[in-house]
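Since chain H is already given, all that's left is putting chain S on it; use the hints.
Number of protein chains: 2
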Amino acid sequence: MTTVRIFVTYKPSVFDPQGSTIKDALHTLGHNDVTNVQVGKFFDVTIDEQEEPVEEAVKKMADQLLVNFNMETYSYQVLEEAK
Amino acid sequence: MTTVRIFVTYKPSVFDPQGSTIKDALHTLGHNDVTNVQVGKFFDVTIDEQEEPVEEAVKKMADQLLVNFNMETYSYQVLEEAK
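Going down the list, the sequences are from chains H and S.
Using our numbering, read the first sequence as starting at 21 and increasing by one per residue.
Using our numbering, read the second sequence as starting at 21 and increasing by one per residue.
Source of the hints: derived by calculation from the structure; they are not laboratory data.
As the structure is a computational prediction, the values presented were derived from the model and not from experiment.
If chains are identical, the list can't say which one is meant, so a pair holds when it fits in one copy or spans any two.
Straight-line C-alpha distance at most 25 Å; calculated DSS-like pairs for lysine-lysine:
1. K61 x K80
2. K79 x K31
3. K31 x K61
4. K31 x K80
5. K79 x K61
Just chain H, same shape as in the assembly (with noise of 0.2 Å):
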């Protein structure tokens, strides 16, 4: 069993307003030491018995499903390993 978490966030030339407001709201709790706030989500994605590699499965999930890449990008963070 593998537990997989994948980022996806939008590519750096998109412009992030969620981000811009965030940093914005910040600034005015006080925390003006904060320069950038980019979101993005992620899918903690757990595989059972796979039988392909996990960088095959998680390029084919973000092809498919995941990510719009005309807008985002993605990047992935293996957690938990199999056994």
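What follows is chain S alone, placed relative to chain H:
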């Protein structure tokens, strides 16, 4: 300069309809070995010249703005440490 990634998810006791829907969609696409999907948000917060420890700053931001403690919980990870 420090960049902190703050993860916000539903508490385990709160039903995650989006995760459930994505799991079903992944099954439909042939990823039958996926047993669970949990969805969350993350915030990459870049802090410049902070006066207080990162842990305290993150706790305040979570309390004041980022986390709805009724339904959500958070964790964080330092991506780039101060130099």
